[in-house]
Amino acid sequence: MSSTLSAASVESLPESTEQKKPLKPCCACPETKKVRDACIIEKGEENCGGLIEAHKDCMRALGFKI
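For the sequence shown, the numbering used here puts the final residue at 115, and the numbers step up evenly by one.
Because the hints were derived from the structure by calculation, they are not lab data.
The reader is advised that the hints may include incorrect statements.
[Unchecked claim] Straight line, CA to CA, 20 Å or less: simulated SDA-like cross-link-like pairs of lysine to any residue:
no.: 1; residue 1: Lys83; residue 2: Glu94
no.: 2; residue 1: Lys92; residue 2: Lys114
no.: 3; residue 1: Lys92; residue 2: Lys105
no.: 4; residue 1: Lys114; residue 2: Glu80
no.: 5; residue 1: Lys105; residue 2: Ala77
Starting from the given sequences, assemble the full structure and let the hints guide the process.
Right, here's the structure in full:
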């Protein structure tokens, strides 16, 4: 019975260590990043200011300094 408890404890460790890893800028705000990138490719950066700003706002909300 104690081995079951030990296994459960070990299984929960990776989850807690994953939560402590800081979020990388490349992985933050995938929703706004995807539409921003698609717009830039299709229309050019100068025509996507609103989407670029929305992505920056999302990044700032997560604590990134942009």
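Verification of the supplied hints:
1. A distance of roughly 14 Å separates the Cα atoms of Lys83 and Glu94; the hinted pair therefore holds under the 20 Å criterion.
2. Of the supplied pair hints, the one linking Lys92 and Lys114 is violated, its CA atoms being roughly 27 Å apart against a limit of 20 Å.
3. Distance hint between Lys92 and Lys105 is fulfilled; the C-alpha atoms sit about 19 Å from each other, no more than 20 Å.
4. For the hint pairing Lys114 with Glu80, the CA-to-CA distance comes to about 19 Å; that is within 20 Å, so the pair holds.
5. Our distance criterion of 20 Å between C-alpha atoms is met by Lys105 and Ala77, whose separation comes to about 10 Å.
Violated hints amount to a single one, hint 2; each of the other numbered hints is respected by the structure.
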